[in-house]
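*Asks:* Listed below, chain by chain, are the residues.
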Amino acid sequence: MTKSPLSEGVVAGRLAPGQLAENFADLHPQLEDHEALVAADRCYFCHDAPCMTACPTDIDIPLFIRQIATGTPEAAARTILSQNILGGMCARVCPTETLCEEVCVREVAEGKPVEIGRLQRYATDTLMAADVHPFERDTATGKKVAVVGAGPAGLSAAHRLAMYGHDVTVFDARAKAGGLNEFGIASYKSVENFAAREVDWLLKIGGITVETGKKLGDGLTLDGLKAEYDAVFLGIGLGGVNALGVDGEDKSGVLDAVDFISDLRQASDLADVEIGRDVVVIGGGMTAVDAAVQAKLLGALNVSLVYRRGRDRMNASVFEQDLAASKGVRIITNASPKAVIGNGAVREIEFEYTGDDLAPTGQTVRLAADQVFKAIGQTLEGEGLPALEGRKIAVDGTGRTSVDGVWAGGDCASGGDDLTVTAVAEGRDAAEDIHATLMA
Amino acid sequence: MANLESDFIGIKSPNPFWLASAPPTDKEYNVRRAFEAGWGGVVWKTLGSEGPPVVNVNGPRYGAIHGADRRLLGLNNIELITDRPLEVNLEEMTRVKRDYPDHALIASVMVPCEEDEWKRILPMIAETGCDGFELNFGCPHGMAERGMGSAVGQVPDYIEMVARWCKEATDLPVIVKLTPNITNILYPAEAALRGGADAVSLINTINSITSVNLDVMSPEPMIDGKGTHGGYCGPAVKPIAMNMVAEIARNPATANLPISGIGGVTTWRDAAEFMALGAGNVQVCTAAMTYGFKIVQEMISGLSQWMDEKGYESTADFVGLATPNVTDWQYLNLNHVTKAVINQDDCIKCGRCYAACEDTSHQAIEMSEDRVFTVKDDECVACNLCVNVCPVENCITMRTLEAGEMDERTGKPVEADYGNWTAHPNNPMAQAAE
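From first to last, the protein sequence lines stand for chains A and B. With positions in the first sequence counted from 1, the corresponding number in my numbering is that position plus 1. With positions in the second sequence counted from 1, the corresponding number in my numbering is that position plus 17.
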């Protein structure tokens, strides 16, 4: 029987294949050649440009835009990739509206920034479409480095180390490399298998071996890696998911948003992905928005994104919030979960209204829910790790941990904004320090 | 409402906007549509001798320079004069003039530099009822290789000679179209005047190569792997054209020689500028070739609005008003001191003024940690580069120092009196002021 958004329960195939394809199409279509020239021409080539300062990877943005404007997008790509080897993915997922484009002088002056993100994508896509890897590996040093975690931080570190001639082995718990790029972001930001293609392209530098299905505590130990390798980089991300800590959380239909996103990303056919008629996402970050929007795009009738504070406190950017709203996601703020209600499976979830200081008001509201996706933050997992700072691995400015010979970066490490681009910067900078240390 | 009617050397037209002799004026079909669209006059595409007409290349005729969003800034062409038989052109001109008696129809002519050629063809053309002639001494490509066009325009004696033949051959007004491919525009202009020309029109196109195909290693436009220099026109040439117009207008010998201004006129403002420098009317080509005949409507409405705002009742009221203010460098007032001022409210902090001044000028702009840009008056020579590179119009302006005010750069108070180089103490040729 044909399913529709009105169908009860958690079912697959609420929308026709054509509609699904349209819903999950590229969020920001690639600029055409002429569009790119026009967009590039808007750049003022600022002195000591604010956009460069705002970029966590310090990409020379005015230079690469000028290279596009003068008809050499391949050179532009090299400018980008020399600072950020995952510039292609960052062009897709960076919250540019809170980074480079926020401080673009044209945003400040006119409310209309140079489209830096889309121009970056134009350049990197042009180079990747030509199947060119623009860097060459130095003469082999004979040094071996272990990188744990094949996400943005680990891949960035691995590439830089391999480029310097070190032999790098990258371990990852999952069956595929890519980390959150592959498993943790909305599908419409990485269409046509981009994350996997980018990893393949990155590995063309040579000197990198990827071993999947291995993680610390399951086949690997930090001591073992230290013994076998000259240096270790940990880019293990945050493997755990915070619990709601409310009654009924164990009922079926209460899921981790990251698992929903991961399953959706790995699904061979979106028509096979099950989604509830009434979906509630709890959280206020990018993961919450990615889950909520995709639930709606799969055909859920009602999707509510519930956050415990006001909208201005949400970690998701205004652009992401507006995207969710435009797709029909209802954003409910100032409400904290109190209880999951249902007989075995979730049927409703009760919230209590809370002030921005989280002070309870005593007033509650119940939302119908076939599915509840938890997106209230992730936690570091693993044993025998270097010393922590708070809930993350303590690192200094170059990624050094408390353990000699062990560096860390990305979401698992202290500092940073838990952005893809930050992870890339941290992986790159740690690699530079590892290289300097190994060659000293 | 301002009256745009134009009387240029006795040739009347509803407005001062003529289409220059070029592809847009090559045939009856176009010219009728041009007049319907609002053009005041047309200089018909250059006519050549009787007999088999010239032939054009069968590959591209135009090359271009583009700005942002492919805005056409400069165009060059290697097209020759009309490649249609003389009789056909004359028949068409006759019909057009008959149907548009109030519009100006000028015949552009280019024949070999022989007296009988010119004296035979002009009366034939006059039969069409045309209002005057424009002698094409300007085209720098193709025809010049055959001793015509700019090959004549580059030799003042030839200009004078041919102009004189033509004045002897016709009672109609004769305009000499000048080439800019010379070192001093006054020589050909004065030659035209000596020959009896009623007016000059300028500029014709500038010798140019617009681009090089770096794969084939050939100039563009490329014909079977080779290119040749073409005539450059469009907005890019306007400054060159205006200077030449002004030079003729302010030269005592040619001050009363009427000028038809040509070169990159794209908007009403361009036309007003040419006319303020001394052109009695303007001719347009590239703008029409870029946007079509309709652009004349903006030129008409814009010039009319501006004239109303300024209180000019006819175009003659403002023609040449800027000419007296075109002077030699040596007469510029060296006691006029200005300093750049950056309006911090308008500044968008791009830093272009800083980069330009710091790297290439006088290190007179300071940049603070938080990107506040300020002018150092003790270094600023008022060069205006910061004004020109600033993307925000009027964000940086030049403030004129009052007489007596200290110029922090020189450490001297600004002098109240006009003082120029001719009397400056550093000038070895200076003459003591009496």
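Wrong hints could be hidden among the right ones.
Which bits of chain B does chain A cover? Going by a derived footprint, with three or more residues having C-beta under 8 Å, they are [unchecked claim]:
| # | segment |
| --- | --- |
| 1 | 26-39 |
| 2 | 335-348 |
Selected chain A positions facing chain B (in silico; Cβ < 7 Å) [what the hints assert, rightly or not]:
| # | residue |
| --- | --- |
| 3 | Val39 |
| 4 | Asp42 |
| 5 | Tyr45 |
| 6 | Ala110 |
| 7 | Leu381 |
Distance windows between CB atoms, simulated [as the list claims (entries may be wrong)]:
| # | chain 1 | residue 1 | chain 2 | residue 2 | range |
| --- | --- | --- | --- | --- | --- |
| 8 | A | Val133 | B | Gly76 | 28 to 36 Å |
| 9 | A | Gly112 | B | Gly84 | 19 to 27 Å |
| 10 | A | Glu111 | B | Glu162 | 46 to 54 Å |
| 11 | B | Thr111 | A | Gly112 | 56 to 64 Å |
| 12 | A | Glu111 | B | Gly164 | 38 to 46 Å |
| 13 | B | Gln361 | A | Ala176 | 54 to 62 Å |
| 14 | A | Gly19 | B | Val229 | 30 to 38 Å |
| 15 | B | Gly164 | A | Asp49 | 43 to 51 Å |
| 16 | B | Asp395 | A | Asp49 | 19 to 27 Å |
| 17 | B | Glu410 | A | Asp405 | 43 to 51 Å |
| 18 | A | Asp49 | B | Lys429 | 31 to 39 Å |
Keep in mind the hints are simulated off the structure, nothing from the lab. All residues carry an ideal CB built from backbone N, CA and C; glycine is no exception.
*Asks:* All hints, please: hold or fail.
*Replies:* Going down the list of hints, with the structure as the test:
1. Beta-carbon proximity to chain A at under 8 Å applies to 0 residues in the segment 26-39 of chain B; the threshold of 3 is not reached and the given coverage is violated.
2. Counting residues of the segment 335-348 of chain B whose beta carbon lies closer than 8 Å to any beta carbon of chain A gives 0, which falls below the threshold of three, so the coverage claim is violated.
3. The beta carbon of valine 39(A) comes within 5 Å of a beta carbon in chain B, closer than 7 Å, and the hint placing it at the interface holds.
4. Checking aspartate 42(A) against chain B by beta carbon gives a least distance of about 4 Å; that is within 7 Å, so the hint holds.
5. Taking 7 Å as the C-beta contact cut-off toward chain B, the hint placing tyrosine 45(A) at the interface holds, the least distance being around 5 Å.
6. This hint holds: alanine 110(A) has a C-beta 4 Å from the nearest C-beta of chain B, less than the 7 Å allowed.
7. At a threshold of 7 Å, the smallest CB-CB gap from leucine 381(A) to chain B is about 37 Å, leaving the interface hint violated.
8. Checked against the given bound of 28 to 36 Å, the beta carbons of valine 133(A) and glycine 76(B), roughly 34 Å apart, stay inside it.
9. Separated by about 24 Å at the C-beta atoms, glycine 112(A) and glycine 84(B) satisfy the suggested range of 19 to 27 Å.
10. Look at glutamate 111(A) against glutamate 162(B): about 51 Å separates their beta carbons, and that is inside 46 to 54 Å.
11. Take threonine 111(B) and glycine 112(A): their Cβ atoms lie about 59 Å apart, and the range 56 to 64 Å holds.
12. The given range of 38 to 46 Å is broken by glutamate 111(A) and glycine 164(B), whose C-beta atoms sit roughly 56 Å from each other.
13. Between glutamine 361(B) and alanine 176(A) the beta carbon distance is about 57 Å. The supplied range of 54 to 62 Å therefore holds.
14. Checked against the hint of 30 to 38 Å, the C-beta distance between glycine 19(A) and valine 229(B) comes to roughly 49 Å, which is inconsistent with it.
15. In this structure the supplied range 43 to 51 Å is violated for glycine 164(B) paired with aspartate 49(A), their Cβ-Cβ distance being about 58 Å.
16. At roughly 24 Å, the beta-carbon separation of aspartate 395(B) and aspartate 49(A) lies within the given 19 to 27 Å, and the hint holds.
17. For the pair glutamate 410(B) and aspartate 405(A), the beta carbons lie near 59 Å from each other, so the given range of 43 to 51 Å is not met.
18. At roughly 35 Å, the beta-carbon separation of aspartate 49(A) and lysine 429(B) lies within the given 31 to 39 Å, and the hint holds.
Taken one by one, the earlier hints fail for this structure at numbers 1, 2, 7, 12, 14, 15, 17, listed in ascending order.
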